[in-house]
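With the sequences and hints as input, model every part of the structure.
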Amino acid sequence: MEEGTFINDRGQRLYYRSYKAEAAGHKALVTLVFHHGYGCYCGFYDKDYRTLQKRGFSVFAFDAHSFGKSEPLEPAYMRSYVLSPHHLVDDVYSYVREVVQRYQDSHPGLPMVMGGVSMGGMVATLTVMREQEMWQGLMLLSPAIDVPRTLLLRVMEMLQGLVLPYFPHWRIVPSPPIHVVTEDPKLRQELLADKNIDMRPVRVRTGRMFLDGFAAIRAQEAELDLPIFAAMSPTDQACDFSALKRFLGAVKSQRKDLKVFPGAFHELLKGPEQQATLDAMTEWLLRQSRQKR
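Per the UniProt record's numbering, residue 1 is the first one in the sequence shown, and the count goes up by one each step.
Rather than coming from a laboratory, the hints here were simulated on the basis of the structure.
Ideal Cβ placement from N, Cα and C applies to all residues, glycine included.
Any given hint might turn out to be false.
Stated by the list, open to error - Restricting the straight-line Cα-Cα distance to at most 30 Å, the calculated cross-link-like pairs of lysine-lysine (DSSO-like) are:
id, residue 1, residue 2
1, Lys69, Lys47
2, Lys27, Lys256
3, Lys256, Lys47
4, Lys69, Lys256
5, Lys54, Lys259
6, Lys245, Lys259
7, Lys54, Lys69
8, Lys186, Lys54
9, Lys256, Lys54
10, Lys195, Lys69
11, Lys47, Lys245
12, Lys47, Lys186
13, Lys256, Lys20
14, Lys252, Lys195
15, Lys256, Lys245
16, Lys259, Lys27
What the hints assert, rightly or not - FRET-style restraints, in silico, Cβ to Cβ:
id, residue 1, residue 2, range
17, Arg218, Gln101, 28 to 38 Å
18, Glu190, His169, 38 to 48 Å
19, Leu286, Gly161, 39 to 49 Å
20, Leu187, Arg97, 27 to 37 Å
21, Ala193, Met134, 17 to 27 Å
22, Glu74, Gly109, 35 to 45 Å
23, Glu190, Ala23, 21 to 31 Å
24, Ala193, Glu74, 18 to 28 Å
See the structure below:
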């Protein structure tokens with residue numbers, strides 16, 4: 001594993017990791033750029049990235065701005081604060097330009113796939129929508145195409161217009177409780193103890209960012225024509241499975257694979273479904289590796 005930093009277009013220093021297949025003794029089959037979810041960081045999936053690396057996939061990941069080891073690190077009210085979904089997408093392209101492209105240049109014709117989990121699924125989708133010709137596929141794990149609109153969330157949505165202009169940093173938007181993220185009691189304790197994990201309520205501005213991202217996906221989905229892999233539980237309480245189904249039905253692409261995990265929790269890579277999820281990802285990535293750029 002290699003690590004480093006790059007500077008995004010807004011002058012923030014962001015932390016990244018790369019897991020190159022060659023470092024594990026394999027010829028690279030696919031480059032996977034993967035984005036973590038809200039309140040998380042790229043190192044959270046270290047073991048999963050290493051598994052994919054050993055299977056011949058080069059994985060590149062970074063901490064989104066204001067999360068993990070990425071700036072802004074202070075003041076505290078700027079942590080977990082995202083103004084726009086387009087800033088997250090901008091940062092993916094900064095990362096590709098500053099880090100990933102050097103690797104791609106040394107591997108002509110190597111397919112490049114964009115992926116993400118939860119919020120990262122939203123970011124991944126918007127990323128490939130911006131420049132489809134750059135990517136050979138889209139990989140989504142429990143993606144935030146939308147979230148369950150509980151009564152409390154609907155009330156908060158209505159209040160945002162009043163609160164946002166004056167108190168954008170307030171943490172008043174409900175975030176998924178720990179018991180819907182994973183069923184593993186040990187992992188729950190680890191998440192709560194991990195200083196790089198943010199399980200607190202979402203800031204008002206960041207909550208607005210999610211709504212803007214969902215709307216942007218709906219506005220562009222009909223033009224999306226890339227191979228898509230998605231994995232999710234129908235009973236996921238953090239993100240909306242029905243929204244994923246609607247999205248897959250709305251896109252232009254006919255090359256769609258949906259892996260359903262009944263009864264699973266939100267974090268498929270951190271539960272009993274981990275191996276099955278990694279195997280399904282591997283099978284799909286192998287298919288993409290046989291596609292010419």
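For each hint, the structure was consulted:
1. Lys69 with Lys47: holds, 18 Å
2. Lys27 with Lys256: Holds, at roughly 26 Å.
3. Lys256 with Lys47: holds, 27 Å
4. Lys69 with Lys256: Between Lys69 and Lys256 the Cα gap is close to 34 Å, so the pair fails against 30 Å, i.e. violated.
5. Lys54 with Lys259: holds, 22 Å
6. Lys245 with Lys259: Given that 30 Å is the threshold and the Cα spacing comes to 11 Å, the pair holds.
7. Lys54 with Lys69: holds, 26 Å
8. Lys186 with Lys54: holds, 27 Å
9. Lys256 with Lys54: holds, 25 Å
10. Lys195 with Lys69: Holds. Lys195 to Lys69 sits at ~11 Å (cutoff 30 Å).
11. Lys47 with Lys245: holds, 29 Å
12. Lys47 with Lys186: holds, 17 Å
13. Lys256 with Lys20: Status holds; Cα separation ~27 Å.
14. Lys252 with Lys195: This hinted pair is violated, its Cα atoms lying about 41 Å apart.
15. Lys256 with Lys245: Judged against 30 Å, a Cα distance of about 11 Å means the pair holds.
16. Lys259 with Lys27: holds, 27 Å
17. Arg218 with Gln101: 28 to 38 Å: 30 Å Cβ-Cβ, so the 28 to 38 Å window holds.
18. Glu190 with His169: 38 to 48 Å: violated, 27 Å
19. Leu286 with Gly161: 39 to 49 Å: holds, 47 Å
20. Leu187 with Arg97: 27 to 37 Å: 35 Å Cβ-Cβ, so the 27 to 37 Å window holds.
21. Ala193 with Met134: 17 to 27 Å: violated, 39 Å
22. Glu74 with Gly109: 35 to 45 Å: holds, 43 Å
23. Glu190 with Ala23: 21 to 31 Å: Holds, at about 27 Å.
24. Ala193 with Glu74: 18 to 28 Å: This hint holds: roughly 21 Å between Cβ atoms.
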